[in-house]
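Enquirer: For the record, the sequence lines run as chains F and B. Counting from 1 along the first sequence, just add 11 to a position and that's the residue number in our numbering. Counting from 1 along the second sequence, just add 242 to a position and that's the residue number in our numbering.
In short, the hints are calculated from the structure, not lab data. Check the hints yourself; a few may be wrong.
Cut-off 25 angstroms, straight-line C-alpha distance, at most; resulting in silico cross-link-like pairs (DSS-like, lysine-lysine) [said to hold, decoys possible]: (1) F:K28 to B:K411; (2) B:K365 to F:K259; (3) B:K446 to B:K420; (4) B:K329 to F:K28; (5) F:K153 to B:K368; (6) F:K14 to B:K374; (7) B:K448 to F:K20; (8) F:K343 to B:K362; (9) B:K331 to B:K270; (10) F:K259 to B:K341; (11) B:K329 to B:K341; (12) B:K519 to F:K259; (13) F:K14 to F:K62; (14) B:K362 to B:K374; (15) B:K368 to F:K259.
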Amino acid sequence: MYKIWTLFKREYRAAVKTKSFIISLVLVPIMMGGGFAAMIIMENNKDTDDKHFVVIDHSGLMTAPLQKALETRNSVDIFHSHTGEKIDAAYVVEFMEPDIQNQKAQQLALSDRVESQELHAFIEIGPDILHPTGEEKEAYLKYYSQHSFNDQIRYWFQNVVNNNLREIRAAELNLDEAQAQDLLWWINVEGMGLVTVNKKTGEQQEAEKTNEMQSFLVPYVLLIIMFMLVMMSAIPQLSSVMEEKNEKIAEVLLGTVTPFQFMMGKVMGGIGVSLTTAAIYVTAGVFTLNYMGMESLIPMEVLPWFFIYTILFILMVGSGMAALGATCNDNKDAQSLTFPGILPAIIPMFLIAPIIADPTGPLATTIALIPPFTPTVMVMRMASSVTIPMWQPVVGLIGVILYTTFTVWIGARIFRTAILIQGQKPTFATLYKYAFKG
Amino acid sequence: MNIIELSGISKTFGSVLAVNDLSLEVPKGSIYGFIGPNGSGKTTTIRMIMKIMYPDRGTLLVNGQDHNFERLENVGYLPEDRGLYKKMKIGELLQFHGKLNKGSDLPRQINYWLERLELKAYKDKKVETLSKGMRQKLQFIATILHQPELIILDEPFSGLDPINADMMKDIILELQEKGATIIFSTHDMAMAERMCDYIFMIYKGKKVLDGTLDHIQNEYGNDTLRIQSDMGANALNGMKGIESINNFGQLQEIRLEEGADPQLILAELLKITRISKFEITKPSLNDIFIRIASPERKEAVNV
């Protein structure tokens, strides 16, 4: 243990003293936060240039309501209620008579105007839009623009047209305004957490509203931090061990320490570096969220699990990487082995969406219990707003401990044999030989 | 008492038999020289003693104990391929190696050895700033810093200039005086002759020589002549009783055929030239090495 400790201290100091460590410590949160900051900046810096449209209303019903809605929008909605500052674009609409004879030519001419950026888009409202049932009815609302799929403005037109159509339909039924409102009232579903009992006071706690932040952001951020910690500490083991092998440092040390002690000293050094980073990020995150009054977002009960799983995950991937590093002779070998080595960390990244969408579903539950994926997937599920049965993280942890013991054992065997062998290409067959035949 | 006892050790790499049924006893407090051509099995033997590799067969005792998979304590090891962390400062590196080897009184020991090997001025410099020879000296300090009782040096003199090689030789002898046992492999036969109490030669994985220099030389008898004459090597042309001539220009070293009489050769030479030196002697270690590992011998062994 003393020798592992001595190796650990050297590894740790060598890693944290480097410029790249300090830079990554600062850069990574900036990059992570940068995405969100960019989103907020984009929200606050909307394009306020006027947008020009042409509307061809085949129904003849929507011209007046649209004009009214445009007037309200352009004179009130696009200005800040307190400062009066213009915060959104005005929509300038030219209403054009439909050219029934030359409909295609009209569409082409308007498309050209959009292409030349004279217009932002043109809209066609179908003739039978009010009562779209029945055969051969032409009920449509078409929005022609260069990027119509991403163009959120089309929803403004959709809302105005549909709201007015409903009002007209209500009027046709001779309903007054109050009845019409009653008829058209729409209720949004609210996502709620569960009602709990405070363990200290014994009082029943009200269920809290869940939101996107809680159900997506928290698991996502924890996953990213874990991924980053593994990338930072376990992945460099490969090149570091390869370098020590090629520069013959390994043999000098192997006169004093066993291959297992050597490998563990290195992997523990990696864990130390990761825990330092994690402690800094988590502390900074907790302080920031407290400062912003968003402390409810901090998944306090998940954090111990996060740390335990992260340590085991780094041990699992790190020992594998160190063993693979011992089999490499040059950068080419290292490149070809890095990808399979980091697969346990990468695969869960592709499964974020289905796991977060249904954290207790069969897919998420099964993957969370497969040891190489347990650390990331289990923590992601635990940090989501649903409650995971308590046996799952415990069983997952036992699985991870067993699997990690196995990878460390296999890793040490490969490491022991491969570290002194020069010039042998690391193939699956040689790895198998090193691991099981020595 | 023997500090190391190898008996019937063999090691194969794939189809290559690197060490073949090797037995060896290294007495405590001795200097044991390992010689042999490149690829003969010296380094593999040393690695097995160090427990870096494990023999396929045979037993290996250090201080009377089989250490299995544990590391030997109180041993200093300088491998053939030197390797140091380039980014570490010299002082820190020595501290690290000293601690790893559980050395005591490290700061004082580090200062003493840096001073002794003329590296004191570099203590706070990084390893990468040192020349090859300086790195070799630094690695030597890292090997002996913890005052080990067994010191194993694989080619300790390679790459050193004569002054530094001499300095290292003095230190090795000093360490022996203080009670350490030293095993070193070398290609420098003169150094081995001068320093070693025992010499062991391995060739194609098999032990071919083992014993004191006298003992080894006695096996070959007085079959060597060293001659200096006015005619040089020309005087020996067509001379009977000579197996081979090693011509050094000013001096010719002659190996006699079995049963040849040196007095007859001297008489023949005196007829044709003036002799300034005529010495009947035992073969040098260098000569013995060449006799064993020469191409003719290789063919003989291969047959």
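Enquirer: If a hint holds in the structure, say so; if it does not, say that too.
Expert: Consistency of the hints with the structure:
no. : hint             : verdict
1   : F:K28 to B:K411  : violated, 38 angstroms
2   : B:K365 to F:K259 : holds, 22 angstroms
3   : B:K446 to B:K420 : violated, 35 angstroms
4   : B:K329 to F:K28  : holds, 11 angstroms
5   : F:K153 to B:K368 : violated, 71 angstroms
6   : F:K14 to B:K374  : violated, 28 angstroms
7   : B:K448 to F:K20  : violated, 43 angstroms
8   : F:K343 to B:K362 : violated, 40 angstroms
9   : B:K331 to B:K270 : violated, 35 angstroms
10  : F:K259 to B:K341 : holds, 20 angstroms
11  : B:K329 to B:K341 : holds, 18 angstroms
12  : B:K519 to F:K259 : violated, 49 angstroms
13  : F:K14 to F:K62   : violated, 71 angstroms
14  : B:K362 to B:K374 : holds, 16 angstroms
15  : B:K368 to F:K259 : holds, 18 angstroms
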